[in-house]
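2 protein chains.
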Amino acid sequence: MNISQLAQAAKKASIQLAATSTDAKNNALQHIAKKLKEREAEIIAANTKDMERSSTENLEAPLLKRLKFDSEKIDGVIAGIHSLIALPEPVGSTLCSTELDSGLELYKVSCPIGVIGVIFESRPDALVQISSLCLKSGNSVLLKGGSEAKETNKILAEIIKSASIEANIEKGWIQLLETRDDVNEMLALDEYIDLIIPRGSNEFVQYIMNNSNIPVLGHADGICHVYIDKEADIDMAVDVAVDSKCQYVAVCNAAETFLIHADVAETVLPKLADKLAEHSVEIFGCDKTQKIISCSPATEQSWKTEYLDYKVSIKVVADITEAINHINTYGSGHTESIVTKNSAEADLFMNLADSGNVLWNCSTRFSDGFRYGLGAEVGISTNKIHARGPVGLEGLLIYKWKLKGTGQIVSDYASGTAEFTHNPLNKNFSI
Amino acid sequence: MNISQLAQAAKKASIQLAATSTDAKNNALQHIAKKLKEREAEIIAANTKDMERSSTENLEAPLLKRLKFDSEKIDGVIAGIHSLIALPEPVGSTLCSTELDSGLELYKVSCPIGVIGVIFESRPDALVQISSLCLKSGNSVLLKGGSEAKETNKILAEIIKSASIEANIEKGWIQLLETRDDVNEMLALDEYIDLIIPRGSNEFVQYIMNNSNIPVLGHADGICHVYIDKEADIDMAVDVAVDSKCQYVAVCNAAETFLIHADVAETVLPKLADKLAEHSVEIFGCDKTQKIISCSPATEQSWKTEYLDYKVSIKVVADITEAINHINTYGSGHTESIVTKNSAEADLFMNLADSGNVLWNCSTRFSDGFRYGLGAEVGISTNKIHARGPVGLEGLLIYKWKLKGTGQIVSDYASGTAEFTHNPLNKNFSI
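Just so you know, the sequences run in chain order A and B. Mind the numbering: the first sequence is residues 3 to 433 in the working numbering, read in order. Mind the numbering: the second sequence is residues 3 to 433 in the working numbering, read in order.
The following block holds chain A by itself, in its conformation from the complex (with noise of 0.2 angstroms):
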């Protein structure tokens, strides 16, 4: 099958998948747990061949860690899977209902968006995550990993889509791309095609958002800001953007630019900088800022440089509107902390801060599904429309509207024979 026809297939299932039953989903969940376990060694044999091959193409350190996948990262994937069975049904449930008119009821009913093109990086552990969501949120999915990884990847969408049509899920759900050329050809397919989830670096999701007239959600940049404010506490100051910068740098919630009060910009600079020496971080600060400490100067483009990196740009600002100007002229929507003592001042900030997390007194790295409880995550969305910040399930769902009547028309109602009541129901769907 060509790319047009797997979406094809992908979408025709997606139409039974939204009307499969939380039981069948969940056995076919237990199933795919089941077989990924059981088929653990040829999962290892695969990877194997993709870590030896990595190596001799001189693949990073850091990558290489990433891509192996061992039984103690099947065994989590598996507990993965677990955890999404314990949840709740996400498709199904009423938003709302509404008597139109005595025996004409409205009601607004989740559903899962149908067919969903996922890009991932080089983690084998993503392709399982994100296809176990989707058929929990009874989404088709059309995937494509990291080409480092493609011998994992292979095996695992293979166990998965046996597994499935095993349990009794319609086939088709599941399709795995290969080659980049077969991502090109998936952006041009948006009568099959609902969302496009890309992850990886800022120009591929931005190459992707440029050449697909399907809706993305993710994020390409993720230059985030702490803002110390004259009231800060000064310790928790240096700790917080501190930890936003170096807990894990090549993270997109790290921080990449300090703004500092310009009133504790000579107490907390100094403390910043030991603090960020122990980690050999390098500073790119402001013509105030290497008036008070050691570092190389910004420049404009150093307020748009996402470094992901043991590096960091440093802002002395007049006051607070200064720093939310500065974040909502340079920063991408993704988070932006302050620290303060003076409550007024952190209302003003999350209210006017335009990102898709606002954080007071606490380290940008808590931007994630994971640390906000929300499960797996299927990504982090800057857009400003559908879903925003760490996306778990709830962003692979949309709702219909469904109306059960006893034979109305609207002739009736524009003619004024019958009238409309419009009240609330507060029931579920049911027929």
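There's no promise every hint is true.
One copy or two, either will do: identical chains are not told apart, so a pair holds if it fits within one copy or between any two.
Simulated crosslink set (BS3-like; lysine-lysine; CA at most 25 angstroms straight-line) [stated by the list, open to error]:
#1 Lys343 to Lys429
#2 Lys110 to Lys343
#3 Lys313 to Lys70
#4 Lys277 to Lys343
#5 Lys306 to Lys13
#6 Lys14 to Lys306
#7 Lys70 to Lys152
#8 Lys14 to Lys273
#9 Lys70 to Lys293
#10 Lys163 to Lys75
For the record, the hints were derived by calculation from the structure and aren't laboratory data.
Based on these hints, arrange chain B on the given structure of chain A.
Chain B in isolation, oriented as in the chain A frame:
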């Protein structure tokens, strides 16, 4: 100001508007309503110019009727503003709350999307409705109305702008675009504009979707179906079908295709044809339909056609599965109705027909924001994400995550010094 500057000003205003109090927004709406009444004569004078010019240009009668904006229609939009004032504040609702750890509280809080671009048809009431919905929901708005209504739109936008500024709303939140070129410029401004809602012809909406990276909320087509099941009450089925087709043919929720179960085709079709003849509806029937009633032959193209006219396609289907497959193949995801006494069949249909609105034993014409009791409608969406079906105030909102801490850093959770509790809080966000 050029369009980019207008959009930038709208973006800037949207930040303040997001944090504007309920009272301030309602006062502004009140003041706008007052000024619309006070300046009624100016509005009518401008509308008279539009009406005269459009008459000279031979605008069709139904369009002239929609263009007319007299004292009664002005009172109508003013009543609409008063209803909007009475609605609860949509911004700042806590959608969920979780204690991540002692002193670390997460809240998901509703907020405006930001800047909305709306392109609407020749009804000047749309300008008032859309801009007041945007103000209530805290969004900036760029408006482009039909060129037939340009004088009316200009005075209405001017009144709303000046009245809102007098009521201390951040200036820049409402901007009127005047030409088609302005719209084309707007489509490129994804840096400032978060969502485009185009209302108008299919071709136009499709053009917008194909020519912008900005998310689009809307519907290109309204190919709605009525399926008459073998267990339908025949009289009810005929009434529902005729109302769906004929009650108002020029709208997106009018039916374009009837699907008739083969077992009842010989009973239903003659009755249906008689009633349709009363409205002079031209029928395009499949082979089987042609053997039962007199009609023109349907072609493959008939199933894809949105007539918006006294024309209908009719197909005899073997069973409900063929009906559902037909809908999912040729439909536009707008509105589908099943007429049947069999509740299991209705349930199946409502689960498997992949449309925003799925109806049982009632007319497709009910699929509308006003009839659904949603208040004013921004538009109808056939999107699969964010909002589906009739879109009211809620479609102009998104959320942000607000996290209140007391100095927490992620290192402590990574090292095991601290642990997440993830307890539901069930409380509203407050500082």
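Each hint tested on the structure:
1. When the C-alpha separation of lysine 343 and lysine 429 is checked against a cutoff of 25 angstroms, the pair qualifies only between copies, where the shortest distance is 22 angstroms, while the shortest distance within a copy is 45 angstroms.
2. Taking identical chains as interchangeable, the C-alpha atoms of lysine 110 and lysine 343 lie at most 25 angstroms apart only when they sit on different chains, with a minimum of 22 angstroms there against 43 angstroms within one chain.
3. Neither within a single protomer nor between protomers do lysine 313 and lysine 70 lie at most 25 angstroms apart by alpha-carbon distance, with minima of 28 angstroms and 62 angstroms respectively.
4. For the identical chains of this complex, lysine 277 and lysine 343 are intra-copy neighbours only, at 22 angstroms inside a copy versus 73 angstroms across copies, given an alpha-carbon limit of 25 angstroms.
5. In this homomeric assembly, lysine 306 and lysine 13 come within 25 angstroms of each other (Cα to Cα) only across copies, at 19 angstroms, whereas the closest approach inside a single copy is 40 angstroms.
6. Taking the shortest alpha-carbon separations for lysine 14 and lysine 306, only the inter-copy value of 19 angstroms comes in at or below 25 angstroms, while the best intra-copy value is 43 angstroms.
7. Taking the shortest Cα distances, lysine 70 and lysine 152 sit within 25 angstroms of each other inside one copy (12 angstroms), while across copies they are farther apart (64 angstroms).
8. In this assembly of identical chains, the alpha carbons of lysine 14 and lysine 273 never lie at most 25 angstroms apart, being 60 angstroms within a copy and 35 angstroms across copies at closest.
9. In this assembly of identical chains, the alpha carbons of lysine 70 and lysine 293 never lie at most 25 angstroms apart, being 47 angstroms within a copy and 66 angstroms across copies at closest.
10. For the homomeric pair lysine 163 and lysine 75, the shortest alpha-carbon distance inside one copy (20 angstroms) is at most 25 angstroms, but the shortest distance between copies (59 angstroms) is not.
This entry does not satisfy hints 3, 8, 9, going by the numbered hints stated previously.
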